[in-house]
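> What follows is each chain in one-letter form.
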Amino acid sequence: MMFLEHKYTIDELVNRCKAGERKFQELLYKQFASKMLGVCMRYASDKMEAEDMLQNGFIKVFQKIADYRGEGSFEGWIRRIMVHSSIEYYRKHHKMMQLVDLDEAVNETSANPLATAKLDASDLLLLIHQLSPGYRIVFNLYAIEGYSHKEIAAITGITEGASKSQLSRARSVLREQIIKMEGKKYGYAG
Amino acid sequence: MDMQDKDLDQLFRSKLDGLEAEPSAKVWPGIAAELEPAKSKRSLIPFLSVAASVLILVAAGVLFIPQKASINKGGVKTRIVKAVRPSAIVPAVKTTSPQVVSTVDRLVKVAAVQHIASNLGKTAGNRQTFQHADTAVNKVIVDKGAGEPSIAVVSPKSSGTIKAVVPDDNTPLSVKLHDDQPATLGASQGIATTALPVMKKDSVPVNTRRRVHNLGDLVNLVVAKVDKRRDKVIEFTDNDDGGSNITGINLGLIKIKKRE
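One line per chain: the protein sequences are B and G, in this order.
For what it's worth, the numbering used here labels the leading residue of the first sequence as 1, then goes sequentially.
For what it's worth, the numbering used here labels the leading residue of the second sequence as 1001, then goes sequentially.
It is worth saying that the hints were derived from the structure and are not from the lab.
Keep in mind that this is a model prediction, so the values were computed, not measured.
Watch out, some of these pointers could steer you wrong.
Claimed, not checked - The list that follows gives simulated cross-link-like pairs (lysine-lysine, DSS-like), each with its CA atoms no further than 27 Å apart: (1) G:Lys1015 x B:Lys180; (2) G:Lys1258 x G:Lys1225; (3) B:Lys185 x G:Lys1026; (4) G:Lys1006 x B:Lys164; (5) B:Lys180 x B:Lys118; (6) G:Lys1258 x B:Lys7.
Here chain G stands alone, though its shape is the one from the complex (with noise of 0.2 Å):
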């Protein structure tokens, strides 16, 4: 009588499905050594984030709330232009793109030599400074007595110093470059701000009505606050899992953004 299938599938089954064996020692704190850096992995990630928040946002602190003008430093290739108007809030334009670039050149050109030439004509005690570090105002003309429009001569220049021509004693004009004054223009001198749209203050697109799911929206909506501008000095987007990735950093002088 041969042994059928069955007969042995049955045997084995039967003797062997409910075997029992007591596992030596080792093998609980393997399995404990292989769970313990997952969690630890997990928990860290949320802490780093907090830390380099902090961090960056200190970083920002020192480097914005002085309003130090001399931002620009050698080999960057970052061009600043700050206007002051009584009434409005610094407003700081920083581009990379160098068509942009021109175009913020050609404004600050049209700003200065109007600047100049409306100051010629004003009476003294107006204390205006400008700064920019592309363009130096080699030469102005003015005309003194009968408001002819007054010709500036502008040409880039690759260092940051500006030489004005004053052309007469009596007028209180004052071209310079500070470390430590901001620029202003006059109240009627708003070309180089109303020029430019990603300066309009209205127009800069602060989510503020975003829910906070987590740590990043925290702080995007305080940096948000604080900083108008379109690249914020930190950025965070929300990730598939839950949590939250630095997207964007932008230090004035060092900018880093992620594309979507």
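Only chain B is shown next, with the shape it has when bound in the complex (with noise of 0.2 Å):
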């Protein structure tokens, strides 16, 4: 187990991070840092991007820590703030929703099938990244968060329809892109 080669337990990490001390904050940091950097990789285009979000979302877990009551698991909880922070981050570094590329797909593909084990996590995240911010918003909020188009709609300020629709848009550009990757990969051609 991880915890077992620190000498703090979660709770009493989070304790003394209420109290402000910092050597604790940085050791919760060091705690969370690198499952928290993967979760804000899948919102960003490059590390870059990831790690400014990652920075915005660990300086509001520090604000907000006192307002962690113990209820449902601590990572859930800071995993819950990466992602307003990544939303958060396109919000304030692009017009959002508006940057969906409307060149972009809607033509259906019909897919071959694949062979999609042979694509690793590298792969998948390439892919994700060359999604535009509002099709790689959606699909990590539905897809890989597990959230309802009403959640999406909540967290984003889109209206549920353009969820769906986003949502149906970045799959087929995913479909269309692991084809052409596969045929890359593999030479043969989607």
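Using the hints, put the two chains back together into the complex; each one sits in its own frame.
Pasting the structure below:
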């Protein structure tokens, strides 16, 4: 277990962070940084952007840690903050949902049977990075985080209908790109 | 066979949900730097409050303890009446409201006239000093023998001098401006003090029973003990954060009061 390597339990770390102790804030950061950067990487278009999201997210974590009442897992709580921080980042830095490129896809691909098992995480991450921010956010929230369209509408401020259509477009772009990638990788055309 | 939406989602979820990546070394310093100013900002406010309180209390001490009569200086529309009775603490009335000022003026005039009149009737040795910046006693007519009411002609004056015409060398009346002597009235001459409700000691709304929650309350309590005026030398009011803000300063010449 990872926790055994540390002198402090998560509860202890959280309590000391509530008291604003810098040393424990750093320990907590080290405990969760790589997992949470993994979350941010799915929302970002590259690692630099993901690290900005991570930094903003952790600042929020330490500012709000007093509100954490121990309901649900701490990891789940910190992860939700990272997701919100990532979306917030796009609100600030891009005109988020308007960034959807209309030329991008829409033509439904009738995909071939795929040897998807051969695609590894970095391949799929690359595909996600190539999506426009609007598609990427909705696809992440729905397919990976497991939010409903209603929840996505509440988080992002777009309508439920827009969320559904963005998800559908995102899926078709991903399908198309998977086929291309498979073709490049294994030498047959989609 | 088309790839179903569910399968696609499942593919991405299974591969990316547990994704981990090592952040570069610059991220933590960035977080720590952002957390720093918020913390020091918080701790600086109470410190500044203490510093300001000490400064103002020292300033107030310098201004009030010597009981200098010449607080009225050029250009400032603060009028001061001082009257010391043997048993009473020095009351000081300050007001910037013109209406109240005129009342004070009138009372002072009456007090001055009666004061002079009664002095004329009294025996010697009772040294009295009266000072009011806006009133000049120009003329005092006294009918010595019969005990008739004495008349004093009083006119408002913009300068701070008072001329007193003493009708008789035998009458030990002195009406003058002193910088270093406290203004005094005889025990029977309480008009200026008693006629003004503000000056009554027991009517001053000093709330000493308030609970002390923070430093501001403590300063309020101490100031209330020392300063019996309605507008204290410094006043704090609790704010929403559990701290306190300065809502009133009264240095005599400088008076700032925040409306609630």
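> Does each hint hold? Answer for all of them.
Evaluated hints:
| no. | hint | in the structure |
| --- | --- | --- |
| 1 | G:Lys1015 x B:Lys180 | 19 Å, holds |
| 2 | G:Lys1258 x G:Lys1225 | 22 Å, holds |
| 3 | B:Lys185 x G:Lys1026 | 35 Å, violated |
| 4 | G:Lys1006 x B:Lys164 | 14 Å, holds |
| 5 | B:Lys180 x B:Lys118 | 14 Å, holds |
| 6 | G:Lys1258 x B:Lys7 | 53 Å, violated |
In summary, the structure is inconsistent with hints 3, 6 from the numbered list given earlier, while agreeing with the others.
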